[in-house]
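Below are the chains, spelled out letter by letter.
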Amino acid sequence: MPNNNFSKNWQIILGSVVLLLVYTFLFKFTGARFILTLSIFALPSYLMLNLFDLEDIEKIIFSFFISISIISSSVYWLSFLTNSIRLTFLSIVIFLTAIALIFNILKNKKLFLFEEKHKSKED
Amino acid sequence: MKDALAIFLLMAISAFVWTLPFQQNQYPYGDVDSSTHFTLGDYMGQNDKPIYLLPYYINGTIKGVTNGYGILNGGKLWYPPQYHITEAIIQLFSGARVVPIFLFFAFAGSLIAVTTYLLIRYLYGFLPALISGFFLIFSLRDIMWFLAGQHPQVLSFAIAPLVIYSIYRYLESFKEKNPKQIYLYTAILLIAAQFFIHPQAIIVSVLPLAIFSLIFIVKEKIIFINIKHITIAIILLLILTVSFLQFPLGKSSVYSAGLGKAEDARSSYGLGIFFSWYGALQPVGFHNPEYWSSAKIYSILLIPFIIFGAVYLILRRKNQDLLLLSMLLSFYLLMHFSILSFSRAERLIEIEAHIIYPLIVIGAIIAVPNIISLFKISKEIKFMLKYALALLIVLIFIFTIVGNSYNTLKNAYPDIARITQSQYEASEWMRSNLPNNADVYMFRNDFTTALPIFQNNFPTFYTKKKWIQVLSLRHMDWSSQDVTNSTHMILDLSDIYAVYGQQGVIEAQKETDMYMQNATVLYDKNYIKVYKLAQ
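Chains as they are written, first to last, in this note's numbering: chain A, 1 to 123; chain B, 1 to 535.
A portion of the hints provided could be inaccurate.
Covered by chain B, per the in silico footprint, the following chain A stretches (three or more residues, Cβ under 8 Å) [claimed, not checked]:
1. 10-21
2. 29-35
3. 46-55
4. 96-110
Here are the simulated lysine-lysine pairs, DSS-like style, with alpha carbons at most 25 Å apart [stated by the list, open to error]:
5. K28(A) x K410(B)
6. K318(B) x K410(B)
7. K410(B) x K376(B)
8. K318(B) x K296(B)
9. K2(B) x K49(B)
10. K110(A) x K410(B)
11. K175(B) x K221(B)
12. K510(B) x K532(B)
13. K525(B) x K107(A)
14. K525(B) x K2(B)
15. K219(B) x K109(A)
16. K228(B) x K107(A)
17. K221(B) x K318(B)
18. K376(B) x K386(B)
19. K180(B) x K221(B)
Rather than coming from a laboratory, the hints here were simulated on the basis of the structure.
These figures come from a predicted structure and were not determined experimentally.
From the three backbone atoms N, C-alpha and C, an ideal C-beta is built for every residue, glycine too.
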């Protein structure tokens, strides 16, 4: 399985790098920053989707659209409180990424909410 | 995991193709709604703050008369803000004002290739998905709406294959007696995204699913209702959308008015429309005649494969075939019942290629080899035939469709058809130097509107004026004939100079002298002047 995971990640990383290079080639630093921003925008949704039994391709594609539903909605209303879209976006991304990472770790270690499902499968 | 590489490949090709309009000339362009979708995100990005009520320059009044967008929705945003706040985020973190937002338009608009890839890959495998995705990068109707500036519409339609995919996976999991509710929830999140981005696209997702679900129930004899799943899905949808319903569905909103006006076309056109593929749809509502030409979308050499594909699906009738046929039937219904399309069938025609392009591919590389294999050919020959046909349709597509789509993008808005450097600089100057509540009279006369570039009604002179308004973030009056209502005036003769030279400018200025009494020149550069008007 580790080899399989490596293979999956390797191809996603390669694809992302190619996309980054294309945008950088076409639009220099602005293009690179655009792709990095999009990646950060989609990251929390990707990690949240990673908790579920979904294929990698589904997670990659869904994450952008789901971020529009979740991240953009949250940024809009919360920015009225913080008075800064930039600050709100960063806060939300960091918060949701941290939460998603914690749950991903728990999932990988088969702890907490993921324990029961694991046990029942073993049964 | 070649899927990951495939979708990144599609995105990379899309990046080259869909950014063609601004690879060389990076000044803004687009029809009227383009500047609107730009400015809502741009304004929030420039100020690093969200907006609820429209700013003065969009919603301004002159002597009590509202001539802005606020009239549509009581002064507040008339779209849910998600698409535009995403623009603002992109702008804030990408380090430039215009290019990042246009990159976002292009990236988001071209995603139909990727979303269709996911759907077709699951239904028919890797190769049909890859070719369908490739074809859709060059889908001319999508490209035309993108160029015109209907960016949210193009993105929202691109979500439909994902909703359909998710619900199809959910239904299939029921059939396998192992319901995967995650697909129901992703579908809900995606429908919410459609609502936020462009609500009209929801019908494109829901109608084929309604048709397919009925077929599925009858065929599989499975009632796929799980109260717990549906309750969670409804709660999720409400949590996501309830605070945003006020934007498109509020009192006096443009969507509420639109829904009320939707009529059933049959009463107007009779039963004859049902024997026409596009029903009663007339070629109005989009400026470019190519939009209405099926020959520009489907090469005649590919038409036989559409027929092969459709016949194959009808004869085989597996669930995935019935799903695609449901999408086809749904398109037909949308074209024939304007109450379903909210009287905007001319926009929904965009989705035709989303169904027909995969049908071409299925017809060529699944239907034809299977039909020929009835003659007991070897597996090797069938295999070779499949790839030969794949190569054939790709070559036909490249030689008959790609060139036109490519040139449409590459040649979009040349020279003064878009904002020029002079106009951009003047707009930036006004943004920095005029008060926020300035009312700027934008001088126009028959001479300026008669420029050859504006004679085909696209881009209109109005389009460019609106771009100057949104780039300067200052309220402009270009409709009234009364300059006394304004605090400032802009006289832009730069386009006239570009076409007619100095003599044209001299002629045009003869008409402007009457306005210049007691006016003070604040800005004078490249045949654009900004005046402070005496009150």
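Here's how the hints hold up against the structure:
By the rule of at least three residues with a Cβ nearer than 8 Å to a Cβ of chain B, the coverage given for the region 10-21 of chain A holds, with 7 such residues. Restraint check on the region 29-35 of chain A versus chain B: 5 residues with Cβ-Cβ distances below 8 Å, three needed, restraint holds. A stretch counts as covered by a chain when three or more of its residues have a beta carbon under 8 Å from one of that chain; for the region 46-55 of chain A and chain B the count is 5, and the coverage holds. With a threshold of 8 Å between beta carbons, the proposed coverage of the region 96-110 of chain A by chain B is violated, since 0 of its residues qualify and at least three are required.
With a CA separation close to 19 Å, the supplied pair K28(A) and K410(B) stays within the 25 Å bound. For a cut-off of 25 Å, the pair hint linking K318(B) to K410(B) is broken: about 42 Å separates their Cα positions. A C-alpha spacing of about 48 Å is found between K410(B) and K376(B), which places the hinted pair above 25 Å, so the restraint is violated. Between K318(B) and K296(B) the CA atoms are separated by roughly 32 Å; this puts the pair beyond 25 Å, and the hint is violated.
The suggested pairing of K2(B) with K49(B) is violated, with an alpha-carbon distance near 41 Å, which exceeds 25 Å. For the given pair, K110(A) sits about 53 Å from K410(B) by alpha-carbon distance, which is inconsistent with the 25 Å threshold. For the suggested pair K175(B) and K221(B), the alpha carbons sit about 9 Å apart, so the restraint of at most 25 Å is met. Proposed proximity of K510(B) and K532(B) is supported: the alpha carbons are some 19 Å apart, at most 25 Å.
The hinted pair formed by K525(B) and K107(A) fails the criterion: a straight-line CA distance of about 63 Å is larger than 25 Å. At roughly 55 Å between alpha-carbon atoms, K525(B) and K2(B) are farther apart than 25 Å, so this suggested pair is violated. At most 25 Å may separate the alpha-carbon atoms for a hinted pair to count; K219(B) and K109(A) exceed this at roughly 42 Å. Between K228(B) and K107(A), the direct Cα distance comes to roughly 24 Å. Compliance with the 25 Å bound is thereby established for this hinted pair.
Taking the CA atoms of K221(B) and K318(B), the gap is about 15 Å. The hint holds against a cut of 25 Å. Restraint check for K376(B) and K386(B): satisfied, since their Cα atoms lie roughly 15 Å apart, inside the 25 Å limit. Proposed proximity of K180(B) and K221(B) is supported: the alpha carbons are some 19 Å apart, at most 25 Å.
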